[in-house]
Amino acid sequence: MKKVLTFLYLAVMVAMVLACSQSKTENETKTGPGSETKTEKQTETESSSKPQMNPPKTTPPNNNNATWVQNIPTQDLIKWRRHIHQNPEVSFKEEQTSKYVEDVLKSLSNIEIIKPAKTSVIGVLKGAQPGKTVASRADMDALPLQEETGLPYSSKMKNVSHACGHDAHTAMLLATATTLSKMQDQIKGTVYFIFQHAEEQPPGGALDIVNSGDLKGIDAFFGMHVLPNFPAGHVGILPEGAASTAQDIFNLTIIGKGSHGSMPHLGIDPIVVGAAVVSALQTVVSRNVTPGEMTVVSIGKFQSGDAPNVIADKAELAASIRTTSEETRKMVENRIKTIIDNTTKAYGATYKLEYIPTYPAIQNDAALTTLARNSAATILGKDQIFNAPMMTASEDFAYYKKIAPVGFITLGIGEGAANHNPKFNVDESALQNGVKAQVQIILDYLNN
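Here the working numbering is used: the first residue of the sequence shown is 379, the next is one more, and so on.
Note that these hints are calculated values from the structure, not bench results.
This one's a predicted model, so the numbers in the text were calculated from it and none came from an experiment.
Take every hint as true, because none was put in to throw you off.
Restraint-style ranges between C-beta atoms, simulated for each label pair:
(1) PHE764 with ALA444: 17 to 23 Å
(2) GLN524 with LYS594: 36 to 42 Å
(3) GLN681 with ALA724: 20 to 26 Å
(4) HIS798 with LYS457: 21 to 27 Å
(5) ILE677 with PRO617: 27 to 33 Å
(6) ALA744 with THR661: 33 to 39 Å
(7) GLU526 with PRO686: 32 to 38 Å
With a cut-off of at most 20 Å between alpha-carbon atoms, the simulated EDC-like pairs for lysine to aspartate or glutamate come out as follows:
(8) LYS510 with ASP743
(9) LYS715 with GLU732
(10) LYS477 with ASP454
(11) LYS534 with GLU467
(12) LYS510 with ASP597
(13) LYS477 with GLU490
(14) LYS635 with ASP691
(15) LYS504 with ASP563
(16) LYS493 with GLU467
(17) LYS635 with ASP684
(18) LYS708 with GLU732
(19) LYS496 with GLU480
(20) LYS477 with ASP586
(21) LYS715 with GLU694
(22) LYS504 with ASP822
(23) LYS510 with ASP592
(24) LYS780 with GLU705
(25) LYS471 with GLU578
(26) LYS635 with GLU694
(27) LYS679 with GLU711
(28) LYS566 with ASP597
(29) LYS679 with ASP691
(30) LYS484 with ASP454
(31) LYS730 with ASP719
(32) LYS715 with GLU705
Using N, Cα and C, we set each Cβ at its ideal position, and we do this for glycine too.
Could you put the whole structure together from the sequences, leaning on the hints where they help?
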């Protein structure tokens, strides 16, 4: 029995020694080189999850706390927009609107007033230090269109409304001028605030202002347009180069020979001729323009005849043409004229054609586009900046390039009806961001 107990005792002791040895080995393994590598990985993971104190230089810092932001007249911004919205005036007749703008500018005391045309106004702010000269432009005219928004501050004028957002443009630039006027001692250079008439009606108010000679020594022009169906308050950076299209229009009268509907052989049917012209014009884009280059030929008017049993003696057509390069613009014009001439001759008809070149395409300067992007990101945050597609519409802002490089951007105003729609409206919460972007762009340009 004693031998058995001794044997059991020795077995227990051996087991205990083996257990201690295994525990020690495992502990050494955990604290050895493998454990050190695991700790480094954990440290890297923890470090990467912490916010970076110094963001990359390529990412502009969010500067929402810029001290000048408190100078933005937020309540006046909305008040001005709504007053202009209620009292719209069409192109070349913006008499009360321009007076309203002039009165606001005069109240700022340190802004010089210039009247380059009957219904346009320029405010000039000279900074405390000499430097470059920059201009920012807003258009003021409304459209001959009945408003259908149902807003409590809807247009008071029958068949006239701000269905394109120019009321917002004007209010934002007034707020920009007000903000910068309180910072005159911090401004290095000169700022022109251009409140332009007649953007909607060719030949356009911009051309009047360019030809007035009142834009002295301007080094760069900036402009902004509100667009629906982009997030409210987000700034869209339009492409470098062609940022919009050029627009041309034509008015065509096809002269045939009237006849009784039962005797077509005795007449020359201008409707048949016009239909052939319309069909042939569709080949200009599909067969003459380089594939991928934005070009549009849209026939918007085709009117002829008054009775079902009468072959009319004439037909009237009108079209809008959009292109992005001057080379294509000229080629399309020549093709349209050739098609009209040859088609009418083939049918024995004659014609009268009025071909009217209107606005060229906005050609965004690369450096100004980059500056606008960085400035908007600086004050609003990079997440509120997006790459906007080229505008297929046309803008007489393009004419300012005759004087200096231009930079044109957009401002999202939320979901809603398109520009020029009777139900078009602006989400007013976006406007303050528009002012912030304009101010920051001007400051950065002058200080660059």
